[in-house]
Amino acid sequence: MLESSIDEEYWVEGEFADASVGFGGHFYGEMVQKDEQGRNIVARARVTCWARNYNIISLRFQKETGETLRRGLHVKLLVKVTFHEQYGYALNILDVDSSFTLGDMARRRKEILAQLQQDGIINDNKELPLPSLLKHIAVVSSAGAAGYGDFCDQLEQNDYGLFFHHHLFPAVMQGTNVEESVMTALAAIADEADCWDCVVIIRGGGATGDLSDFDSYPLAAAVAQMPIPVIVGIGHERDETVLDFVAHVRVKTPTAAAAFLIDNGVQQLSRLDDIQNRMIQGVSLLCERQQRYIEQLTVRLTSAPSKLLLTEQHHLEILQNRHMQAARFMLQNAKLQLQNLETRYVALDPVLQLKRGFSLTYTADGQLLRSTKDLHYGEPLITRLADGTVKSEVTQ
Amino acid sequence: MKEKELTYEAAMERLEKQAREMENGDVAIDQLAVKLKDAQQLLQFCKDKLTKADEEVRKLLDEQG
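As given, the protein sequences belong to chains Y and H, one line each in that order.
For the first sequence, position 247 (counting from the first letter as 1) is numbered 247 according to our numbering, and the numbering increases by one without interruption.
For the second sequence, position 65 (counting from the first letter as 1) is numbered 1065 according to our numbering, and the numbering increases by one without interruption.
Hints were generated in silico from the structure; no laboratory data involved.
Treat the numbers as computed from the prediction; the structure is a model and nothing was measured.
From the three backbone atoms N, C-alpha and C, an ideal C-beta is built for every residue, glycine too.
Certain hints may be false.
Now the stretches of chain H that chain Y is said to cover, found in silico as 3 or more residues with beta-carbon under 8 Å [to be verified]: (1) 1010 to 1021; (2) 1038 to 1047.
Ranges of calculated distance between the beta carbons of each label pair, as one might list FRET restraints [as the list claims (entries may be wrong)]: (3) Glu-1013/H / Arg-300/Y: 16 to 26 Å; (4) Lys-1059/H / Glu-127/Y: 32 to 42 Å; (5) Gln-225/Y / Glu-1013/H: 27 to 37 Å; (6) Glu-1063/H / Pro-170/Y: 12 to 22 Å; (7) Glu-1063/H / Ala-51/Y: 24 to 34 Å.
The shape of chain Y in the complex, shown without the other chains:
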């Protein structure tokens, strides 16, 4: 009778105070509305969802939000009021609004991030320098998780011969104990921070657990204030947690976390190769330059003496020319002098004078007669002509 009177469908907003799937796959829960402060419950209603419909909407909801319809979750439901004589009145869930829950989760994250910002710690971990060498890895995960195994396998079987030393600090990665458990593990790592290069927080691959367990202010604050860089790999394909915003590095999956570490090692190896190549090039350049310098020196050293020789040779040639000229001049001078002498000598030759008709007259005692004064009458004279001598006597 009541059912027929409230036949309409309503959208209601609230929080699951209880949620479970019972026998036959039907969903049973309790929905509450809290006051502005979120402390006191102001309205309460029992909710149900029949297995057939629950299978459809819970799958879709999970796909769209990454969440399950669980206790503590804020939801907006399309319901119809039903009444059962035995169980009383309940709201039968016809549909669930994914975007409302997404919006609610986003708001909660935003609030946490705003608080972290206000406390001035939101960038603390991000601002830590990431060591070049990421070798000693503290892992926060659950031991049995497939994702953890994948992470270890990938690290140990990397193709580059990189060695990693990783150690598990076990923690619950799903459910209401996440916050406390992960924080305990982080505290243990922080105590021996100088032994570790970084922290990796990873969750089992493919797990579809509630991501919002990680949307906790104390946990985010603990990650932000870790003294060594934190790498988180707990994200979801579409979704993210506040840890993604405070961690130094965020990746999607545990394998991606391993890939990040391997990639870092490979980068270091290639950096070393690069340095080696640069050194080889530098050395060959240095040697080449030195070689060129030596060649230049050689040229200078060999060309200098030849230049010197050339100058000297030139000098010699000039000297030689000067000598030659001087000699020639002297010879010519001597020749002229000789000619002069010869002319003078010819002019003085007495034989020549005699031939010309001159004669020489001597006294009897052989004295050359130069004047008539010393002559006496009857004195014999000898006159020499060109072709012989004539004897005569002074008669006058």
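Starting from the known structure of chain Y, fit chain H onto it as the hints suggest.
Just chain H, lined up with the frame of chain Y:
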């Protein structure tokens, strides 16, 4: 006093510096062999850091194993 253990970062820094010096030709030829030998040792040290277990870690693992 015990000499402080060489870190990967410090080794890298030294390598970078030496590579720069060699590129710029700031190395005396007489020093080249010494520098190259030093660089080679540093390179090996860094490569070992990346690819081998540290002695103390090995000891720890042995103790645990």
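Checked hints:
1. With 6 residues having a beta carbon nearer than 8 Å to a beta carbon of chain Y, the stretch 1010 to 1021 of chain H meets the requirement of three or more and the stated coverage holds.
2. Figure legend: the stretch 1038 to 1047 of chain H, annotated as covered by chain Y; annotation consistent (4 residues with Cβ-Cβ distances under 8 Å, at least 3 required).
3. At roughly 41 Å, the beta carbons of Glu-1013/H and Arg-300/Y sit outside the given window of 16 to 26 Å.
4. The given range of 32 to 42 Å is respected by Lys-1059/H and Glu-127/Y, whose C-beta atoms sit roughly 34 Å from each other.
5. About 28 Å separates the C-beta atoms of Gln-225/Y and Glu-1013/H, a value consistent with the hinted range of 27 to 37 Å.
6. The hinted range of 12 to 22 Å is satisfied by Glu-1063/H and Pro-170/Y, whose Cβ atoms lie roughly 20 Å apart.
7. Between Glu-1063/H and Ala-51/Y the Cβ separation comes to about 55 Å, which falls outside the hinted range of 24 to 34 Å.
Going through the hint list in order, the structure does not satisfy hints 3 and 7.
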